[in-house]
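Student: From just these sequences and the hints, can you work out the full model?
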Amino acid sequence: MIKVVMLWSFSQQVMDHHDITLPKSWFGKIMLAPAFLADHNISVFNTAVVALMIFIFFFKRHYITTSIFFWLALNLYVVYLPFANGADMLLLILAFWCIPMAKHPKFKSNTGSVIQKAAYNSGLFLCQLQVVIIYFVSGWDKLVTRSWQSGQAFDYVVHFNSMFNPAFNGMFENPTIQFILSWMTIIFELAFVILVWWEQTRIPILIIGLFFHLFIWIVVSLPDFASTMMVSYILFLKDADLKYLKSFFSRQQTSLQQ
Numbered sequence: 000m001i002k003v004v005m006l007w008s009f010s011q012q013v014m015d016h017h018d019i020t021l022p023k024s025w026f027g028k029i030m031l032a033p034a035f036l037a038d039h040n041i042s043v044f045n046t047a048v049v050a051l052m053i054f055i056f057f058f059k060r061h062y063i064t065t066s067i068f069f070w071l072a073l074n075l076y077v078v079y080l081p082f083a084n085g086a087d088m089l090l091l092i093l094a095f096w097c098i099p100m101a102k103h104p105k106f107k108s109n110t111g112s113v114i115q116k117a118a119y120n121s122g123l124f125l126c127q128l129q130v131v132i133i134y135f136v137s138g139w140d141k142l143v144t145r146s147w148q149s150g151q152a153f154d155y156v157v158h159f160n161s162m163f164n165p166a167f168n169g170m171f172e173n174p175t176i177q178f179i180l181s182w183m184t185i186i187f188e189l190a191f192v193i194l195v196w197w198e199q200t201r202i203p204i205l206i207i208g209l210f211f212h213l214f215i216w217i218v219v220s221l222p223d224f225a226s227t228m229m230v231s232y233i234l235f236l237k238d239a240d241l242k243y244l245k246s247f248f249s250r251q252q253t254s255l256q257q
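0 is the number of the first residue of the sequence shown in numbering that gives the first Met the number 0; add one for each residue after it.
FYI, nobody ran anything at the bench for these hints, they're computed from the structure.
If you're wondering where the values come from, they're calculated on a predicted model, not measured in any experiment.
It is possible that some hints are incorrect.
[Said to hold, decoys possible] Derived EDC-like pairs (lysine to aspartate or glutamate); straight-line CA-CA distance at most 20 Å:
1) K2 x D87
2) K245 x E172
3) K2 x D38
4) K102 x D87
[As the list claims (entries may be wrong)] Listed next, with one range per pair, are the computed distances between beta-carbon atoms:
5) R250 x F167: 33 to 43 Å
6) Q129 x L241: 13 to 23 Å
7) F210 x L128: 16 to 26 Å
8) L128 x F26: 23 to 33 Å
9) W7 x K102: 25 to 35 Å
10) S149 x I29: 46 to 56 Å
11) F247 x V43: 40 to 50 Å
Cβ coordinates follow ideal geometry from the N, Cα and C atoms, glycine included.
Tutor: Structure below.
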């Protein structure tokens with residue numbers, strides 16, 4: 000929803016150079032009907048998407064709403080394909096795995112309840128697995144790439160003017176700093192794959208991940224990817240983690256009041 004609002008001002012220019020054609024099959028036409036609407040009137044499409052997103056946000060997690068969310072994510076990906084990046088693909092995949100992660104309507108029979116819980120847990124695990132695979136593939140690729148091993152890859156990022164935040168010009172030019180940041184990235188991504196599953200290390204690695212993606216957001220100017228990854232961390236929190244965090248912040252608030 001935020002991305003639609005951000006792209007709204009120049010979405011018409013996007014559609015002037017981006018023709019969308021419907022598939023021949025009826026299923027394809029139904030799935031991409033909103034995208035076809037965008038090809039005719041992008042403002043109506045954007046308004047409808049934002050309205051549906053707001054409705055989904057305040058509505059109970061229903062199988063219909065989770066399916067609609069994936070449907071919208073698919074059409075947003077098609078419509079804004081010229082601006083699509085890894086964040087859009089990640090959002091689309093997670094939206095698909097989230098379809099069974101609904102609690103309504105509840106099945107009354109024991110068999111139906113078991114199937115519903117199994118579907119929910121399967122969707123949750125697939126979402127978690129998707130995030131872990133991203134870190135593993137990215138970390139392993141960096142680990143075996145000479146430019147990342149030497150820190151030179153980070154130098155490329157620093158001199159990539161269309162992405163690197165000019166407010167930080169000159170701060171990351173030192174080869175030693177680039178080498179350290181490169182290996183910090185590699186170690187974090189590969190460590191996340193293992194440490195996020197353990198109770199003792201889950202919250203620390205997630206906190207490190209938040210700062211890692213905030214760095215990407217601010218310095219490398221990738222807010223959509225960074226925000227998508229940070230939101231995905233919610234998937235890994237257990238009930239015990241939420242109780243611990245609630246207790247921790249309560250203690251901090253009491254300490255400040257005293």
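Student: Starting from the hint 13 to 23 Å, judge whether the C-beta atoms of Q129 and L241 obey it.
Tutor: Once the Cβ atoms are compared, 22 Å apart, the range 13 to 23 Å for L241 and Q129 holds.
Student: Against the range 16 to 26 Å, how does the distance between the Cβ atoms of F210 and L128 compare: consistent or not?
Tutor: holds, 24 Å
Student: For the range 33 to 43 Å, tell me whether the beta carbons of R250 and F167 fit it or not.
Tutor: holds, 35 Å
Student: Does the structure keep K2 and D38 at a Cα separation of 20 Å or less?
Tutor: holds, 18 Å
Student: Are K245 and E172 close enough, with their CA atoms no more than 20 Å apart?
Tutor: With a Cα-Cα distance of about 41 Å, the restraint between K245 and E172 is violated, given a limit of 20 Å.
Student: Do the alpha carbons of K2 and D87 lie within 20 Å of each other, as the hint requires?
Tutor: Distance ~10 Å between K2 and D87 Cα, so the pair holds.
Student: Determine whether the Cβ-Cβ distance between S149 and I29 falls within the hinted range of 46 to 56 Å.
Tutor: holds, 51 Å
Student: Just tell me: holds or violated, for the beta carbon distance of L128 and F26 against 23 to 33 Å?
Tutor: Holds, since L128 and F26 (Cβ atoms, about 27 Å apart) stay within the stated range.
Student: Evaluate the given range 25 to 35 Å for the C-beta pair formed by W7 and K102.
Tutor: holds, 33 Å
Student: In this structure, is the beta-carbon distance linking F247 and V43 contained in 40 to 50 Å?
Tutor: holds, 46 Å
Student: Could you grab the alpha-carbon distance between K102 and D87 and see if it respects the 20 Å cut-off?
Tutor: violated, 26 Å
Consistency with the previously given hints fails for numbers 2 and 4, ordered from lowest to highest.
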